Amino acid sequence: MARTRALDYEDRKKDILKAAAILFARQGYSETLLEDIATQCGVKKSSLYHYHRSKHAILHGLITWKIEDLAWKVDAAIEAEHTPEAKFRALTTTLVNEYIRVPEEMTVLITQMRYLNKTAMRSVIVIQERIINRAVLLIQSLRPDVEITRKKITAMAMLYFGMTNWIPVWYKPSGSIKPADLSAMIADTFLNGVRQLAIE
1 MARTRALDYE DRKKDILKAA AILFARQGYS ETLLEDIATQ CGVKKSSLYH YHRSKHAILH
61 GLITWKIEDL AWKVDAAIEA EHTPEAKFRA LTTTLVNEYI RVPEEMTVLI TQMRYLNKTA
121 MRSVIVIQER IINRAVLLIQ SLRPDVEITR KKITAMAMLY FGMTNWIPVW YKPSGSIKPA
181 DLSAMIADTF LNGVRQLAIE
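The sequence shown runs 1 to 200 under my numbering.
No lab work stands behind these hints: they were computed from the structure.
Mixed in with the good hints there might be a few duds.
As the list claims (entries may be wrong) - The calculated DMTMM-like cross-link candidates involving lysine to aspartate or glutamate, where the alpha carbons are at most 20 angstroms apart (straight line), are:
{"hint": "1", "residue 1": "LYS73", "residue 2": "GLU104"}
{"hint": "2", "residue 1": "LYS13", "residue 2": "GLU68"}
{"hint": "3", "residue 1": "LYS45", "residue 2": "ASP11"}
{"hint": "4", "residue 1": "LYS87", "residue 2": "ASP11"}
{"hint": "5", "residue 1": "LYS87", "residue 2": "ASP15"}
{"hint": "6", "residue 1": "LYS18", "residue 2": "ASP69"}
{"hint": "7", "residue 1": "LYS45", "residue 2": "GLU35"}
{"hint": "8", "residue 1": "LYS87", "residue 2": "GLU129"}
{"hint": "9", "residue 1": "LYS18", "residue 2": "GLU31"}
{"hint": "10", "residue 1": "LYS13", "residue 2": "ASP36"}
{"hint": "11", "residue 1": "LYS18", "residue 2": "GLU81"}
{"hint": "12", "residue 1": "LYS55", "residue 2": "ASP15"}
{"hint": "13", "residue 1": "LYS55", "residue 2": "ASP11"}
{"hint": "14", "residue 1": "LYS13", "residue 2": "GLU81"}
{"hint": "15", "residue 1": "LYS44", "residue 2": "ASP8"}
What the hints assert, rightly or not - Per label pair, the in silico range of CB-to-CB distance:
{"hint": "16", "residue 1": "MET185", "residue 2": "LYS18", "range": "27 to 33 angstroms"}
{"hint": "17", "residue 1": "LYS118", "residue 2": "ALA80", "range": "33 to 39 angstroms"}
{"hint": "18", "residue 1": "LYS172", "residue 2": "SER46", "range": "23 to 29 angstroms"}
{"hint": "19", "residue 1": "PRO179", "residue 2": "LEU159", "range": "17 to 23 angstroms"}
Note that the structure is a prediction, hence the values are computed from the model and not measured.
Glycine is no exception: its CB is placed at the ideal position from the N, C-alpha and C atoms.
Hey, can you work out the whole structure from these sequences and the hints?
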């Protein structure tokens with residue numbers, strides 16, 4: 001007879017991902033053992049296999065969950081606004097809030113993706129590129145009067161993500177700079193630069 005799943009199966013599965021994120025962010029995927037994850041969860045190592053097949057499956061599940069969630073939030077934030085600048089500020093606020101709200105999970109998304117196998121990597125990159133393309137098109141819409149090559153505007157987008165991706169490394173929630181202030185600083189800095197683009 002097939003083993004039935006507990007009613008809270010999905011919640012427990014996600015709890016393991018959250019616990020693993022803390023360890024992966026703190027000491028890295030390669031240095032983290034399944035025993036460490038089990039200890040972090042307060043369960044036996046054998047219990048993990050009921051929810052995830054392997055350590056790699058945990059990493060893949062964590063990264064897929066976070067990037068899908070981020071892509072959905074980015075889309076929703078952008079679509080809720082009506083002008084290019086408002087959309088850009090909404091994108092920035094969404095990214096900043098996520099990096100501050102769940103810093104360990106977002107750190108894993110940025111720094112540990114290289115440990116995914118090729119198949120898992122391909123599926124994640126598809127979603128990652130969707131987020132990047134949203135940003136590229138949005139940046140382009142900020143200055144429709146300027147002709148910008150795809151290569152240059154992609155570089156601009158990556159510079160922008162560089163301002164948000166590393167927030168968990170240095171930002172202190174207890175400090176004087178609040179998330180809304182940080183979002184405004186990043187958006188203003190980037191928008192001021194875009195406004196200075198010369199018409200060729």
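Next on the checklist: Output the indices of the hints that this structure fails to meet, ascending.
Outcome noted: 4, 5, 11, 14, 18
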